[in-house]
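124 is the number that the working numbering gives to position 121 of the sequence shown; each next residue is one higher, with no gaps.
By construction, these hints were calculated from the structure, which means they are not laboratory data.
Check each hint, because a few of them may be wrong.
So the derived label-pair ranges between C-beta atoms look like this [claimed, not checked]:
id: 1; residue 1: Gly26; residue 2: Phe111; range: 28 to 38 Å
id: 2; residue 1: Thr144; residue 2: Ala108; range: 33 to 43 Å
id: 3; residue 1: Val133; residue 2: Asp75; range: 31 to 41 Å
id: 4; residue 1: Glu154; residue 2: Leu94; range: 12 to 22 Å
Straight-line distance between alpha carbons at most 27 Å, and here's what the computed DSSO-like set of lysine-lysine pairs gives [stated by the list, open to error]:
id: 5; residue 1: Lys103; residue 2: Lys143
id: 6; residue 1: Lys143; residue 2: Lys62
id: 7; residue 1: Lys27; residue 2: Lys72
id: 8; residue 1: Lys72; residue 2: Lys142
id: 9; residue 1: Lys103; residue 2: Lys83
id: 10; residue 1: Lys143; residue 2: Lys83
id: 11; residue 1: Lys103; residue 2: Lys72
id: 12; residue 1: Lys62; residue 2: Lys27
id: 13; residue 1: Lys142; residue 2: Lys83
id: 14; residue 1: Lys83; residue 2: Lys72
id: 15; residue 1: Lys62; residue 2: Lys83
id: 16; residue 1: Lys103; residue 2: Lys142
The beta-carbon is built from N, C-alpha and C at its ideal position, and this holds for glycine as well.
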Amino acid sequence: MIAVRAGNEPAIDDLGSELMLFGKEHVRRYQETDGREGHEWERGTTTLLLTTTGRVSGKEHTTPLIYRKHGDVYVVVASKAGAPAHPDWYLNLQANPRVKVQVLADRFEANARTATPEERAELWPYMVEVWPDYAEYQKKTDREIPVVILERR
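Construct all of the structure, not just a fragment, from the sequences and the given hints.
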């Protein structure tokens, strides 16, 4: 399976084997296979698909994100790999917190919200456990990387 990264270049790990999909191809295959392709991702992580409504365009945008379940909610991180600005999907859900989520074959509507400081104190290390790069991303940026809670409606 060919991995597609930003710029549509294949991503190859140090051993020369192909990594899991990402970007538009990741979304397409995840949707077409009910997550059989795309749910399990790099380094043992799992991904969901988050669909937000564009704050400018009003169009739906779907993004694959690493997630963890925490009780009855799903938790994702708006890291953008430590870029100075928040990812568009996060800005979109700030404008309209009504989102759609797909986890494997389970598709549902949810409300998205930024974790409170108390919740973030608990959930940030919880997410860093599954994707240690988040800690490095935080060091690269002056912004506090948001932790987002997705609550099924």
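Verification of the hints:
1. Gly26 / Phe111: 28 to 38 Å: Taking Cβ atoms as reference, glycine 26 and phenylalanine 111 lie about 23 Å apart, which means the hint is violated.
2. Thr144 / Ala108: 33 to 43 Å: Since threonine 144 and alanine 108 have Cβ atoms about 35 Å apart, the given range 33 to 43 Å holds.
3. Val133 / Asp75: 31 to 41 Å: With a Cβ separation near 19 Å, valine 133 and aspartate 75 fall outside 31 to 41 Å, so the hint is violated.
4. Glu154 / Leu94: 12 to 22 Å: 19 Å, holds
5. Lys103 / Lys143: Roughly 30 Å separates the two Cα atoms, so the pair is violated.
6. Lys143 / Lys62: This hinted pair is violated, its Cα atoms lying about 31 Å apart.
7. Lys27 / Lys72: Given that 27 Å is the threshold and the Cα spacing comes to 24 Å, the pair holds.
8. Lys72 / Lys142: 25 Å, holds
9. Lys103 / Lys83: Distance of about 20 Å is within 27 Å: holds.
10. Lys143 / Lys83: Roughly 11 Å between the alpha carbons, so the hint for lysine 143 and lysine 83 holds.
11. Lys103 / Lys72: 16 Å, holds
12. Lys62 / Lys27: The given pair, whose Cα atoms are some 15 Å apart, holds under the 27 Å limit.
13. Lys142 / Lys83: 13 Å, holds
14. Lys83 / Lys72: 20 Å, holds
15. Lys62 / Lys83: Holds: lysine 62 and lysine 83 sit about 21 Å apart, inside 27 Å.
16. Lys103 / Lys142: Given that 27 Å is the threshold and the Cα spacing comes to 31 Å, the pair is violated.
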